[in-house]
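Chains A, Z and Y, in that order, give the protein sequences.
In terms of this note's numbering, the first sequence opens at residue 1 and continues consecutively.
In terms of this note's numbering, the second sequence opens at residue 1001 and continues consecutively.
In terms of this note's numbering, the third sequence opens at residue 2001 and continues consecutively.
Derived from the structure by calculation, the hints contain no laboratory data.
The calculated SDA-like cross-link candidates involving lysine to any residue, where the alpha carbons are at most 20 Å apart (straight line), are:
1) A:K6 x Z:D1047
2) Y:K2190 x Y:F2173
3) A:K6 x Y:R2152
4) A:K44 x A:V34
5) Y:K2114 x Z:G1024
Distance windows between CB atoms, simulated:
6) Z:A1016 x A:L15: 40 to 50 Å
7) Z:E1049 x Y:W2022: 24 to 34 Å
8) A:V12 x Y:P2043: 43 to 53 Å
9) Y:A2156 x A:D111: 55 to 65 Å
10) Z:V1032 x Y:V2029: 14 to 24 Å
Positions of the beta carbon are idealized from the N, C-alpha and C atoms, including for glycine.
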Amino acid sequence: MKPRTKRAVAIVGGLAALGVAAALVLNAFQSNLVFFFTPTQVAKNEVPKDRTFRMGGLVEPGSLVRQKDALTVNFKITDGAQSIPVVYTGILPDLFKEGKGVVAQGKVHGDGIFKASEVLAKHDENYMPPEAAEALKQAGHPMAKENFAGQGQSGAKPR
Amino acid sequence: MYWSSWDAFWAMGGHAFFVWMSFGALFLALAVELVLLRVRRIRALGDIEEERELEAEN
Amino acid sequence: MNWFYFSSPSTFYGLAGRLAPWFFALAAVTAVWGLYLGLLVAPTDAQQGEVYRVIFIHVPTAWMSMFLYFVMACYCGLTLVFNTRLSAMMARAIAPTGALFTAVALWTGSFWGKPTWGTYWVWDARLTSELVLLFLYFGFIALSNAFEDPRRGDRAAALLAIIGVVNLPIIYFSVQWWNTLHQGSSVSFKGTSMHVTMLTGMLVMSFSAWFYAAGAALVRVRSIILERERRAQWVRELKEG
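Given only the sequences and the hints, what does the whole structure look like? Please build it.
As structure tokens, then:
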């Protein structure tokens, strides 16, 4: 390449990279900073109307029901204060479990049921072997924060 | 040693694809970078040699 | 001791050449030790099973992607304030390795996210800001090569790098400031939520990544010095050609 072409390519490349970075930042600030809403926000109608949004929380223990077709599931997403019923048809991620974190994308329909088109599992930041997890459970701490050196947040709970 | 056999190790509990795609990509990337570093050095030294020869001719 | 002794490219060229092999050797030793701990010794994870082992390369590369950017920006600050040649060359030498670690962090995160979260990619604050970091590295590299006069490229790219530092706290605190799919930090200034062997393996791998990055940057800066000082007397007098 001639030096001049090389320079032009470099300038265009640099501007393109900056443009993409700026676009990503702006896009994030516009809509995606709120990656998900909590069931309380959904119950209070503080969510976007007429478009899909994400709802995050814990899968309420005891709420999971699998339909006969084996692909459709009903469960509730809770944040402790409110819980919203969800229906979803499709493959669930491996880490999807009752009592664990979940983020579902979809829309609330007239009957108050959140119809999800995508379900993602949200796991926490605790890493330990099964024996240690079992010991914590036995001691009455379901992965309780107090057992660790004081990490500020629980990953499973929506903040 | 955590694993009971090498087969179990390579299988990674059924997640072999994801684990080895990750580790493989890292090592491939490092190998490519090391080659590029070598190429760049050889080129830089070659340019200096050229410069010297030009000088010697003049 | 003269603090500016090694700030001259000609003396630093020799120093870098002597240091680089040691860094690579340390990187290799710590990598073997870290991989041994992470892949062979560490127990499985109660939540995720074996796939969590991606953490032993994901977290070190992600940390290093941010740390290298910070170091690069510091050199850029020196470039703008003192107009030193070597600092600009060091920044240029760090950028490609920083970009590589950023790309690997994104890649490994993606292959970890699929089996655990259920998706390769989401536009949450953590993933998006790390992607922005990759484009900042690309922008830095492109801008530094965009000028006929390399010194102008140095200064333009330095300015970009320094502005881009804003992104570092955004990446780090994104999981606390906003709702994200990405979990919080397992290791913070306050402590850790990891089993001890897992933690040790991850820290050893992080040292390995640091040693490697230092070695790669030093080798690269030697080539940059040769390219930029091609016409200098000391380069002409180099023995090995």
